[in-house]
Amino acid sequence: MGTAPKTAAPAAGRAATKKELPEHFKAYKHVWVFIEQERGQVHPVSWELMGAGRKLADKLKVDLAAVVIGPEGEATRSAAAESFCYGADLVYMVADNLLADYRNESYTKALTDVVNTYKPEILLLGASTLGRDLAGSVATTLLTGLTADCTELDVDADGSLAATRPTFGGSLLCTIYTLNYRPQMATVRPRVMPMPERVVRPVGRIVSHPLGLVEDDIVTKVLSFLPDRDSAKSNLAYADVVVAGGLGLGSPENFQLVRQLATVLGAEYGCSRPLVQKGWVTSDRQIGQTGKTIRPKLYIAAGISGAIQHRVGVEGADLIVAINTDRNAPIFDFAHMGIVADAIRLLPALTAAFRARLSPHSRDRIAS
Amino acid sequence: MHIVVCIKQVPDSAQIRVHPVTNTIMRQGVPTIINPYDLFALEAALELRDQFGGEVTVLTMGPPSAEDSLRKTLTFGADRAVLLTDRFFAGADTLATTYALATAIRKISTEFGAPDLVFTGKQTIDGDTAQVGPGIAKRLGLLQLTYVAKISALDLQARTIDAERRSEGGVQLLRTRLPCLVTMLEATNQIRRGAMADALRAARAPVVKWSAQDAGVEDISKCGLRGSPTIVKRVFAPAARSEKAALIEPGEQPAEALIDAIFKRQPTLETELAALARGY
Amino acid sequence: MIEEKFDAIVVGAGMAGNAAALTLAQRGLKVLQLERGEYSGSKNVQGAILYADMLEKLIPDFREDAPLERHLVEQRFWMMDDRSHTGLHYRSDDFNEEKPNRYTIIRAQFDKWFSQKVREAGAIVLCETTVTELAQDAYGKVIGVRTDRADGEIHADVVVLAEGVNGLLGTRAGLRKRPTPDKVALAVKEMHFLPRETIEARFNLKGDEGMVIEAAGTISRGMTGMGFIYANKECISLGIGCLVADFQRTGETPYGLLDRFKRHPSVAPLIEGSEVKEYAAHLIPEGGFKAIPQLYGEGWVVVGDAAQLNNAIHREGSNLAMTSGRIAAEAIFQVKSRKDPMTAENLSLYKTMLDQSFVIKDLKKYKDMPALMHTQSQNFFLTYPELVSKAMQNFLRVDGTPKVEKEKTTFKSFIKARSWSGLFGDAFRLARAWR
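Residue numbers (the numbering used here), protein chains in the order written: chain A, 89 to 456; chain B, 2 to 281; chain C, 2 to 436.
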């Protein structure tokens, strides 16, 4: 495995359920967050993780460090500076022009080198396409435990990271520990953790680390990059208001009713998984455990039963309003308010009513 | 050309139910299916095989019943199926799983020829973590291409592969060398239906079965529960919210009643929505 | 077209198809079995009761690894009106024997196990493959099948049609007629999940003991039909069915009937607190002996539900299916051993053997029952249940009325409802149809 340090497996026998941390792991300290940046943009999930990381570091009474990996220049420096505004005590930086485009080999080496040198006890990454490509390689290189797609992170009294995630297709939750290996790695999907407050702070201590590679060492080459057309992008994950539809709509044609209400509200629209599986709606609009996690101020779920797979994708919303004909639908267990009604009839009525309520005449009334 | 495709047999999560009393998963009667994401990987492999010639070997690690899934892949047209099954593999997390699979792929390499490509699906519907592909690549020293939407070129002489990889905000066109590991995105193709000849051949073909020892596992402590750095300590149902949804009476004007209730509970919403509606 | 030829092709992997394929394979014939469902059992719906005696003839040691739910120690017959039931119970510790005679099973699991045995015996089993039509030569002899897979025509010496009650292959090829609505029942069924201890407490069962309730009466709203409640290990199967013709006539729905059945005061407490795990519907042949079609022809035989072999009176279908499949296979094997062609004349051996078995003998015994039940459905399913209920209540209520008077009232109510001739007629007809 090349650069992996020698690790002694814990005492042979069944899986260790007690914490018996091998001696050489006891020096691993502090909470790290990988700051993901591509083409000059930091993925917001990195800041969400800084918020979560800060809480863990405070509980453990250790430092929170951000790991910034990217090309030399302004973008990487600015990402480092921003990290302090989101709570970093310290930034580790690997800046090298070979890191201009994401490639698995170079980024894996950069991150594992820094980990092996400075030894964090916890390493968090966002479960984005880049994060997932990177996390598995890093965890396997370090031969450590990785809990992916966590919905909750905490620390136990003995300092162990408690990572909770859905299991069995999302029907249940489980809490997973990496008791006797370091670093304890976890990935979290975008929007699962709340965006922390950004506080203006001066740039603090930055520890630079060399990449130690030349281009010829890296086999994979990036031939080109094709950006998505703007119109194709949806802002579903970050929208403040979302309207979504489920099987209760009955037919693909009725999904128009969801889009119409969304238009009047200036909202984004989405759907539950079955609609994507049936081909009624494209997969980028799927909300839920395997789709997008959203944290809007207002979420209207029309004709969605509220299975746990969907629930974990919307629980962070401020106000969840459910429309369903079945009084016993699980969605009413976690929605804030609901109405037992037929979405096919109620959606057009809501669209008209909202349009009237939010019209310029009404606007003047509100403003006064 | 030899391609190895790793698949997983998973419970059809749409049909999983939780025992109302003991809170455990009711697996009885829940049908198992091939992880749907793996079928995109398999079809991509079969298409390459049809184009360039060679063989597709399908590998899975699972209980003896996983043989059903493997047979199905043979009906789709795969040339060979290998089942890695042993009680020592039970309870494996990602690291232990990739150790076992990587070992099996090395054995496949000696028995049936070194693979030029290893395919996996993007993620599973039961674990959903998408980490096994990268883990296998790292252990076998393979280059990896994840989230591949399309394989645009393959040059067996020059030993290069070009692929379109989904990235944030766009698509990277990457070129790397064989052998490499590829995880395919969903909805990039559709698994073919085997012809009668394929179905007959599949029904008769033996599924190669390997225990940990057969596969050449050198260190059994790296497998299964023992080889898993992560352990599951608690399984639980999400706590029901203390208060369920406040149900609004539809009455004569259900839409208006609902809107009133929403704005009553969250007065700031009315101003915010008005602003949004105007496009500000 | 597939060049390779088989000795036999079995269409369908239900009870009859599996029994036929297993027997043929055990006898060393080259068998191909084609099932349209994703796996054997995926398209099958049954209560379900397994009859050990018949399965033993196919797999003597099935008890070792077959997925069995509970072995039956008690049977209850209920005659129900809207608020009551009058029952006849039989329970015996004799049924707690080393090799119990009847078990409840869950078809999806049982069929999978059964299909595995078929494969182990050497048959080739292809699922997700629908046979679209029979291949026939210029003289109309069946020479194979066509399927929905590419290049999917495949030939064999004989085709065993185990395609189920509504199978279209045989009817499309003109080998038999589709059953008419008055010869077929539509039954719906649910599986209700309850903790083991609850089931055992409610039905007074220990360990793997099981019980069965067969019910008839006003629950079918005057239509010809029956309901059932079976105890499995951790769930209860319950269902109800009536003749399709009756549903068409009355406009009632199967699910409406089931809902009422579940809410009946005798039934509701038995399923209280349960979680509904599964809902299924299925057609059941009800025509009896008189509805049995031509069982064999040039290059083909028909078995199981497709041959309308179902004893509705005793609610025995799966054992008839298994037995007819086995017997058909034995007949085919004998013809093959003699190196004779699979002509209609030679395959008539199947019918001969079937006639000598309990299958035809039982169906013959009850050949007049279906018609009787149907024409007298008002009486048997409405009038009598109500009369009996009133009579029982009258008998059991202690209210100071002298017993002689009570008996007179009851007697008079029967005469009034059915008249002397009606009563005697019913008794006579029932006795005759039963014999």
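There's no promise every hint is true.
[What the hints assert, rightly or not] One side only, chain A facing chain B, incomplete, derived with CB under 10 Å:
id, residue
1, 129
2, 148
3, 221
4, 227
5, 228
6, 262
7, 314
8, 378
9, 406
10, 409
11, 419
12, 438
13, 442
[Said to hold, decoys possible] Below are the DSBU-like pairs computed for lysine-lysine, each with C-alpha atoms no more than 30 Å apart in a straight line:
id, chain 1, residue 1, chain 2, residue 2
14, A, 106, A, 117
15, B, 234, A, 147
16, A, 107, B, 151
Hints listed in this document are in silico derivations from the structure and should not be mistaken for laboratory results. Beta carbons: idealized from backbone N, C-alpha and C, even for Gly.
Is the interface hint for residue 227 (chain A) satisfied, with its Cβ closer than 10 Å to some Cβ of chain B?
7 Å, holds
Per-residue hint verdict: residue 262 (chain A), partner chain B, C-beta under 10 Å:
5 Å, holds
Pair hint outcome, residue 106 (chain A) versus residue 117 (chain A) [Cα-Cα no greater than 30 Å]
19 Å, holds
Hinted pair, alpha-carbon criterion (30 Å max): residue 234 (chain B), residue 147 (chain A). Please report holds or violated.
21 Å, holds
Status of the hint placing residue 378 (chain A) at chain B (closest C-beta pair under 10 Å)
6 Å, holds
Would the stated hint for residue 221 (chain A) survive a check requiring a Cβ distance to chain B of less than 10 Å?
4 Å, holds
Does the CB of residue 314 (chain A) sit less than 10 Å away from some CB of chain B?
Residue 314 (chain A) check passes; min Cβ-Cβ to chain B is 5 Å, inside 10 Å.
Supplied contact hint for residue 129 (chain A), tested at 10 Å Cβ to chain B:
8 Å, holds
With a cut-off of 10 Å on the beta carbons, see whether residue 438 (chain A) makes it to chain B.
5 Å, holds
Does residue 228 (chain A) pass the interface check with chain B, least Cβ-Cβ distance below 10 Å?
4 Å, holds
Using Cβ atoms only, decide whether residue 419 (chain A) comes closer than 10 Å to chain B, and label the hint accordingly.
The hint holds - residue 419 (chain A) has a Cβ within 10 Å of chain B, the shortest such distance being about 8 Å.
Satisfaction of the residue 442 (chain A) interface hint, Cβ to chain B closer than 10 Å
Result: holds, 6 Å to nearest chain B Cβ.
In this structure, the hints that do not hold are numbers 2 and 16, in rising order.
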